[in-house]
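Two chains, two frames, some hints: make the complex.
So the protein sequences, as listed, match chains Z and X.
Quick note, in the numbering used here, the first sequence goes up one by one and the last residue is 450.
Quick note, in the numbering used here, the second sequence goes up one by one and the last residue is 550.
Treat the hints with caution; some may be incorrect.
Claimed, not checked - Footprint (simulated), chain Z over chain X, 3 or more residues, beta carbon under 8 Å:
| hint | segment |
| --- | --- |
| 1 | 498 to 511 |
| 2 | 527 to 539 |
As the list claims (entries may be wrong) - In silico SDA-like pairs for lysine to any residue, Cα to Cα no more than 25 Å straight-line:
| hint | chain 1 | residue 1 | chain 2 | residue 2 |
| --- | --- | --- | --- | --- |
| 3 | X | 464 | Z | 352 |
| 4 | X | 464 | Z | 365 |
| 5 | X | 507 | Z | 249 |
| 6 | X | 500 | Z | 364 |
| 7 | Z | 62 | Z | 104 |
| 8 | X | 464 | X | 484 |
| 9 | X | 500 | Z | 252 |
| 10 | X | 500 | Z | 249 |
| 11 | Z | 51 | X | 534 |
| 12 | Z | 164 | Z | 188 |
| 13 | Z | 51 | X | 469 |
| 14 | Z | 164 | Z | 24 |
| 15 | Z | 58 | Z | 40 |
| 16 | X | 464 | Z | 137 |
| 17 | X | 460 | Z | 207 |
| 18 | X | 500 | X | 462 |
| 19 | X | 464 | X | 548 |
| 20 | X | 464 | Z | 40 |
| 21 | Z | 391 | Z | 343 |
| 22 | Z | 51 | X | 464 |
| 23 | X | 500 | Z | 135 |
| 24 | X | 460 | X | 509 |
| 25 | X | 500 | X | 453 |
| 26 | Z | 51 | X | 535 |
| 27 | X | 507 | Z | 251 |
To be clear, the hints were calculated from the coordinates, so they are not data collected in a lab.
Heads up, the beta-carbon is just placed ideally off N, CA and C, and yes, glycines get one too.
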Amino acid sequence: MTRILIPSGALGLGYDAEALARGIAAKPDLIAIDGGSTDSGPSYLGRGVSKYSRSGTKAEWKGLIAARAEAGCPLVIGTAGTCGTDSTVEWLYDITLEILSELGLTARIAVLKSEQPKEQVAGALAAGRIAPLPHAPAINADLVRSTTHIVALAGAEQIAEALKTGADIVIAGRTTDTAIIAALPIMRGDHAGAAWHAAKIGECGALCATNPQSGVIQIDIDSEGFTVTPLADGAHCTPHTVSAHMLYENSDPFILYEPGGHLDVTAANYAALDNTRVRVTGSEWVPSDNYTVKLEGARVAGFQTVLLATVRDRRYVENIRPWVDDISTRHAQRVSNRMGLGPDAYRCELRIIGVDATLGALETRAEYPAEAGVMGIITAETQEQANEIGKLLNPFLLHHPLTREEEQPTFAFPFSPAEIDRGAIYEFCLNHVMELADPMDAFSLEVRDA
Amino acid sequence: MPELFSIVEKVRSKNAGPFWLTVDIFCGSPAAYARVASGLSSARVATLFKVDPATLKRFDIADLNVVKFSLLRPAIQGTATDRDMHGAGWAPLLAEIEIN
Chain Z
1 MTRILIPSGA LGLGYDAEAL ARGIAAKPDL IAIDGGSTDS GPSYLGRGVS KYSRSGTKAE
61 WKGLIAARAE AGCPLVIGTA GTCGTDSTVE WLYDITLEIL SELGLTARIA VLKSEQPKEQ
121 VAGALAAGRI APLPHAPAIN ADLVRSTTHI VALAGAEQIA EALKTGADIV IAGRTTDTAI
181 IAALPIMRGD HAGAAWHAAK IGECGALCAT NPQSGVIQID IDSEGFTVTP LADGAHCTPH
241 TVSAHMLYEN SDPFILYEPG GHLDVTAANY AALDNTRVRV TGSEWVPSDN YTVKLEGARV
301 AGFQTVLLAT VRDRRYVENI RPWVDDISTR HAQRVSNRMG LGPDAYRCEL RIIGVDATLG
361 ALETRAEYPA EAGVMGIITA ETQEQANEIG KLLNPFLLHH PLTREEEQPT FAFPFSPAEI
421 DRGAIYEFCL NHVMELADPM DAFSLEVRDA
Chain X
451 MPELFSIVEK VRSKNAGPFW LTVDIFCGSP AAYARVASGL SSARVATLFK VDPATLKRFD
511 IADLNVVKFS LLRPAIQGTA TDRDMHGAGW APLLAEIEIN
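Chain X extracted, bound-state conformation (with noise of 0.2 Å):
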């Protein structure tokens, strides 16, 4: 099975203010966009990020080809156990996940 990234333009992690991540798939195209939609589920985003599934938010958004997640950090911002102060870990991790 191909990894998500090889399927879409571009995966994105970013902060969303101090106390969220959020984490965008631009699909590129209505094809992927359907394959992205319907082949990676919340509970798989939910259990590769460890976060609780009920936390985990996400957006479809077929005007734009994106699927979007956001999540709790799992340590506030600047934290002495943050290990990532802009977020950016979260996409390549997200972006080679294996999707059918």
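Just chain Z, same shape as in the assembly (with noise of 0.2 Å):
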């Protein structure tokens, strides 16, 4: 049997450290946390940075060495700093040895990285081992050396290389959200079916508990199945919040994919041990042919200004559209006159924000709001194009009339100066597997003492 302690469902998010005190008491044999994910979208990959503030990612991460140091047992972290590049494991590496210092610990650490020089991706795309999923993106070697980061999703045996090193505290770079739990009970022999599907059930901490945002969960994973018991006062799992979490950020509820096979729970079943533990047995692990890992990748897509207006004149409001409109044609006539650009040499889109920022063409509500934000968004090869091209833009935003006839009208600018640079914006450019002859030949792996 092995016991794992997730204190959330990811460094940052915050954790109850009552739970997390009553988890140490109970004799854990890993503790494992989530550092990041690609949910907050392709800048964070793309710069190689942490979404979260190191303030936030020192104290929690302070909590969990010290709690480590109690329990005597490893600490990992997999996707350290949100995206899992050298740059955020080695930024989390300066923070821990911080800690340490201050708790005045020491520690042996094994730093685990998964970027990827993108000579060598270029070389295993001309080597036939890249492989796209369902709906990638076309790719080819001038696209990946245009990336400002690739990495690959380490999986269970990655984690297991950097644990048998001894390693009190693992640092890892980009992994799967599972592996960090999964490996530990794979390497000792218990359920492989078993060890995926808590893991994946585990991955977000207490949201698959009834009290989601108390963070701290236990899992016991055994020669059969697995336990999944919430640490919080007041938090309980039933079959139902724990079997509704395959639901979660998951396209396909019964099968996942990860390094070296996939996980089906299709077969699985889901028992009350009591009012607050959940029993999981009947998940299959089926191992793959080859072994692969996925990547990630983001490059530059551009520059951006943003512009907002509000807009509280009922009149305006009504018309909001065909102003908007009018005012798309005006300004790219200018811009064209002043900056001798196409429309193909830029992008320039007015969302109308109570009407249909969020979903566009999708969108089946026609009610008009009491006022309408107007945002200008601008993307363009150079931020000073940009910046250039959201000039252009403002005395339409600020003063343009619906008809020729009337006053000026003048609409409201929260900020001066109205244009906000937003820098280069990226996007995800990968979505492929690599296969490995051996899992540890796109990753590396050091043992630093501390």
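Next up, the structure:
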């Protein structure tokens, strides 16, 4: 049996300190926490930076390092610093050194890196070792070289290698959310299907329980199945809350692909042990013929400038669509006249907040609001160009009349300057897997005694 | 005809990675589940979402009283044309569909 303590769904989301202490008292074999996700968009991977604040990350990580020292078991973080690039692994490593020094502790730290040199990925592509997942964007060597960062998602095998070093703390680059939980039970010979299924249920912390914000859960994996126990006061797991978690952020609630195979929970059985704990059996792990790891990559997709105006005049709100369309046409003419840029050289979109900014063409409601926001989003090849196009849009958003006869109107600008430069924007450009002869081929492991 | 949200417990939409969206209808009871499973055709949902019906995945999960749809994102997450980084908007869109 292997007992894994999961403090929360991600470092940065906070956890219940009392529940964590309860988990430590129950002597876990490993503490696992996820450090990232693609869910906040491509900018973090594109830039190789963390979404969460350094101060918040440090405070939470400090609590876990102290808890680990008390428990005497390994502490593993996957996808350190949101995106799991080498830069965010080193960022968290630096924070770790500060914390150890402040607490007067020492630790053996295993650093597992997942970032992929572009030339190696281009080489793997040329060698036919990279395959698209369904509906993946088309790629070639030039696109691979145009990325700012590429990471491979480590699985249980690479985490196992890190644990074999005898590390107290494992700081891993990009991993699957589940690998950090599944690795140890698999190493110890527990049921592989149960280990992966437990990992998927546990990877968001107490999201699989009735009190999702409480964070801390404990999972016991054995030779036949696993048991989930939420540790916060008042948190309960039921067969419904646990099985429903397979729906979460999963396009298929029964199948989960991982490096080296897939999890199939079609035949899983969920049973209440009491009003808090749930027992799960019948999960199946299906090994694959080839060992593949998923790749994530991001690249610069232009530079943006954003403007926002709010329109409160009822006649303008009622005519907001033709007003915005007229501005779009006139602005495009002005950009062409003043800057010599045709419509293919940049993108300017005016989204109407209060009408259809969220859904665009999918919107089905037609009522008009008390006021509308008009958000101009300009994407161009350089920041200077985007800002210049924004400055040409500014007078229209401020003063453009619905008809030629009326006095010049004025609309509300919340900011000065009205143009907000957003810098580079990024796009995810890989949805592919890379075949490896050995799971460690695309990863590096280093032990640092601190 | 009532709107979907008025007969179910919750409708939730999220990204499932940067390339997919997933929308879960938690019906809350076997009766509501039966009504949604039989009264909400995949064709209507594909039309509402403006997606090719062939790419729309559907899971009817009686054990959970859940009907789930997964679809390719119309814009890859975070690209210039993406309006909704986390896929929040698909839930209210589906929640307002009329149901028999």
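Status of each hint after checking the structure:
Look at the segment 498 to 511 of chain X against chain Z: 7 of its residues bring a Cβ nearer than 8 Å to a Cβ of that chain, three or more, so the hint holds. Residue count for the segment 527 to 539 of chain X with a Cβ under 8 Å from a Cβ of chain Z: 11. That meets the three needed, and the coverage hint holds. Distance hint between residue 464(X) and residue 352(Z) is fulfilled; the C-alpha atoms sit about 23 Å from each other, no more than 25 Å. Proposed proximity of residue 464(X) and residue 365(Z) is supported: the alpha carbons are some 21 Å apart, at most 25 Å.
A distance of roughly 14 Å separates the Cα atoms of residue 507(X) and residue 249(Z); the hinted pair therefore holds under the 25 Å criterion. Note on residue 500(X) and residue 364(Z): the hinted pairing holds, with a Cα-Cα distance of about 12 Å set against a maximum of 25 Å. Annotation: proposed proximity of residue 62(Z) to residue 104(Z) holds, straight-line Cα distance about 12 Å (limit 25 Å). Among the hinted pairs, residue 464(X) with residue 484(X) is consistent with the structure: their alpha-carbon atoms are about 24 Å apart, no more than 25 Å.
Of the pairs offered as hints, the one joining residue 500(X) and residue 252(Z) holds, with about 20 Å between alpha carbons and a cut-off of 25 Å not exceeded. Pair hint residue 500(X) plus residue 249(Z) holds up; C-alpha atoms about 21 Å apart against a cutoff of 25 Å. Distance restraint check for residue 51(Z) and residue 534(X): the Cα-Cα separation of roughly 17 Å lies within the 25 Å cut-off, and the hinted pair is therefore satisfied. The straight-line distance between the Cα atoms of residue 164(Z) and residue 188(Z) is roughly 12 Å, inside the 25 Å bound, and the hint therefore holds.
For the proposed pair residue 51(Z) and residue 469(X), the alpha carbon gap of about 20 Å is at most 25 Å, so the pair holds. A hinted pair counts as satisfied when its Cα atoms are at most 25 Å apart, and residue 164(Z) with residue 24(Z) qualifies at roughly 22 Å. For the suggested pair residue 58(Z) and residue 40(Z), the alpha carbons sit about 20 Å apart, so the restraint of at most 25 Å is met. Distance check on the hinted pair: residue 464(X) and residue 137(Z) sit about 21 Å apart at the alpha-carbon level, within 25 Å; holds.
For the proposed pair residue 460(X) and residue 207(Z), the alpha carbon gap of about 16 Å is at most 25 Å, so the pair holds. Proposed proximity of residue 500(X) and residue 462(X) is supported: the alpha carbons are some 18 Å apart, at most 25 Å. Straight-line distance between C-alpha atoms of residue 464(X) and residue 548(X) comes to about 22 Å, which keeps the hinted pair within the 25 Å bound. For the suggested pair residue 464(X) and residue 40(Z), the alpha carbons sit about 11 Å apart, so the restraint of at most 25 Å is met.
The hinted pair formed by residue 391(Z) and residue 343(Z) meets the criterion: a straight-line CA distance of about 17 Å does not exceed 25 Å. Under the criterion of a C-alpha separation no larger than 25 Å, the hint pairing residue 51(Z) with residue 464(X) is consistent with the structure, at around 19 Å. Between the alpha carbons of residue 500(X) and residue 135(Z) the distance comes to roughly 17 Å, so the proposed pair stays at or under 25 Å and holds. With a C-alpha separation of about 16 Å, the suggested pair residue 460(X) and residue 509(X) falls inside the 25 Å cut-off, and the hint holds.
About 19 Å separates the Cα atoms of residue 500(X) and residue 453(X), which keeps this hinted pair within 25 Å; it holds. For the given pair, residue 51(Z) sits about 14 Å from residue 535(X) by alpha-carbon distance, which is consistent with the 25 Å threshold. At roughly 8 Å between alpha-carbon atoms, residue 507(X) and residue 251(Z) fall within 25 Å of each other, so this suggested pair holds.
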